[in-house]
Amino acid sequence: MRTQQFIELFPILQGTSVNGKPLVYLDNAATSQRPQAVVDRMDEVNLHANANIHRAVHTLSAFATEAYEASRDAAVRFLNAESRQEIVFTQGTTSAINLVAYSFGQAFVHKGDRIIVGEAEHHSNMVPWQLLAQRTGAEVVYLHMGDDGLYDLSELDSLLTHSTKIVALAQASNVLGIVNPIKEMAYVCHAHNVPILVDGAQGVVHCKVDVQEMDCDFYAFSSHKMYGPTGVGVLYGKKKWLEQMPPFLSGGEMVGTVSLEGTSFAPLPQKFEAGTQNFANVAALATALELQSRILNDSELNAEFSQTVKWLCNALTSIDGLTLYGAPGDVPMEFKLPVFSFAVDGVHHEDLAVLLDKMGVAVRSGQMCAEPLMNHFGVTGMVRASLLPYNTMQEAEYFTVALKKAIKMLK
Amino acid sequence: MEQIGTVKDREQQVIEDFAVYDDWMDKYEYIIELGKSLEPYPEGKKTEDRLIKGCQSRVWLDARKEDGKIWFSADSDAIITKGIISLLIGIYSGASAEEILASDFSFVEKIGLSANLSPTRANGLVSMIETIRRMAAE
Ligand SMILES: Cc1ncc(COP(=O)(O)O)c(C=O)c1O
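Residue numbers (the working numbering), protein chains in the order written: chain E, 430 to 840; chain Z, 247 to 384.
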């Protein structure tokens with residue numbers, strides 16, 4: 430489809446104005462816009478098939494359960510998981526990673542063990558591991574990132590000791606948007622018999638993901654960054670690990686039999702889905718996943734989009750005093766997500782974001798939940814413009830004009 | 247440094263200054279100018295306890311009491327924030343605690359600053375005002 434046809438799927442992209450200017454939404458890495466079809470699916474379940482899932486024998490409950498479980502099937506296909514047992518619904522990437530840090534940690538991580546985490550990670554893939562280390566007496570060892578935004582395979586290899594229990598890395602950083610060679614990293618980890626968790630929150634938005642091919646042990650992503658509803662995430666875990674892990678949350682729905690003496694747990698994946706789930710939103714995830722699969726395979730749309738992205742990348746790097754972090758120079762463009770974080774000499778990121786907002790452009794500014802990464806580059810924050818295929822060349826052009834105007838006002 | 251008039255007079259003056267601008271750009275250019283011309287703030291006073299929480303940029307505010315009056319000085323690494331704090335200082339510095347606490351800070355809305363600022367920025371502004379009031383009350 431053409432960009433314009435894609436735009437038509439999103440009500441908010443039909444002439445919304447902000448501060449009297451047409452909205453140019455470039456904060457997609459924080460959350461994407463939602464198409465009508467996804468909202469319709471949420472409404473359909475909320476308005477016409479609302480009953481608690483899995484619990485009752487009545488027909489409405491069966492409808493709701495089917496809608497919910499259809500999303501699990503969609504997620505299996507989307508990630509090419511081996512089975513439905515490997516797909517656990519969570520509230521998002523953060524809660525998926527917390528689940529693993531808690532539950533895998535409970536089963537496998539002890540005093541003196543090592544956990545390897547990337548230094549460029551989002552706080553969501555860092556703090557849960559730090560807390561796990563605190564609880565258990567294990568140690569977090571950080572994998573360095575080169576200025577090109579890539580982790581180094583040989584350094585990873587050298588950090589993997591006998592006592593290493595898990596490695597946690599992002600497929601792509603939310604700041605730099607450089608795609609790491611996860612398959613190779615998984616290979617290196619497995620050579621040392623260590624499982625790897627992949628934070629796919631950003632990667633899943635732009636890359637086709639095949640967890641079997643990637644051979645990762647865990648993969649986490651959020652629905653809301655990929656056209657889906659908020660409050661929904663997916664944790665993929667290899668069955669062999671999920672089976673050995675104790676429940677994270679406990680209560681209704683995740684049990685086999687409960688007696689006052691003790692409880693046995695439900696089979697996978699229900700073991701990890703305690704309590705009433707966000708079922709209407711989960712049901713709509715299937716709609717988002719179908720759309721995303723179509724988008725990733727749409728060569729016409731992607732051809733237009735990659736032109737826009739390349740144009741913007743060049744336009745940004747040619748602005749005086751602007752430093753682009755995670756510039757595609759050292760890696761091919763196909764390993765660079767349309768996520769552009771930058772700083773401008775002598776200009777504060779917050780000032781830029783405020784003035785851009787006045788001109789209708791929504792960008793992110795600040796530390797972007799990656800303080801160690803900011804420290805790595807010696808900055809207090811950056812501005813980030815992140816795009817999706819509904820962003821047009823005109824928007825990219827307008828954004829650069831607005832950016833130059835803002836810089837001029839501030840210098 | 248001496249202040250002219252009362253806090254109320256100075257608030258009124260700022261409202262009139264801003265009434266001249268109907269374009270957001272002019273308004274922001276004026277704020278940026280205010281930021282650039284703010285008196286230098288001693289590096290030694292950029293301490294953790296003078297840092298105002300709740301702003302995306304860093305804002306330091308220092309208060310000194312003399313002869314029943316409070317004198318503020320401030321700095322920020324973001325120029326728009328610096329302009330806004332400069333505006334606040336221009337009004338409230340050199341006033342008595344009673345005068346500051348009697349102000350309802352409604353001039354902020356009257357000059358269209360609260361509506362014109364991004365949510366985090368609006369929070370920053372709220373934090374700045376709260377800090378000024380707290381320092382006056384101490
Ligand atoms: C790389 C990365 N990891 C984790 C997260 C956290 O995702 P969520 O807030 O949806 O749990 C984000 C998004 O903010 C992200 O970009």
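Since the hints were derived computationally from the structure, they do not count as laboratory data. Since this is a predicted model, take the numbers as computed values, not measurements. Watch out, some of these pointers could steer you wrong.
With a straight-line Cα cutoff of 30 Å, these simulated DSSO-like cross-link-like pairs (lysine-lysine) come out [stated by the list, open to error]: (1) K450(E) x K282(Z); (2) K450(E) x K311(Z); (3) K667(E) x K739(E).
Using C-beta positions, here's what the derived DEER-type ranges look like [said to hold, decoys possible]: (4) P440(E) x M271(Z): 29 to 37 Å; (5) K299(Z) x Q535(E): 34 to 42 Å; (6) K450(E) x K299(Z): 44 to 52 Å; (7) K450(E) x E384(Z): 40 to 48 Å.
Positions of the beta carbon are idealized from the N, C-alpha and C atoms, including for glycine.
Next on the checklist: Are any of the numbered hints broken by this structure? If so, which, sorted upward?
Outcome noted: Violated: hints 2, 3 and 6.
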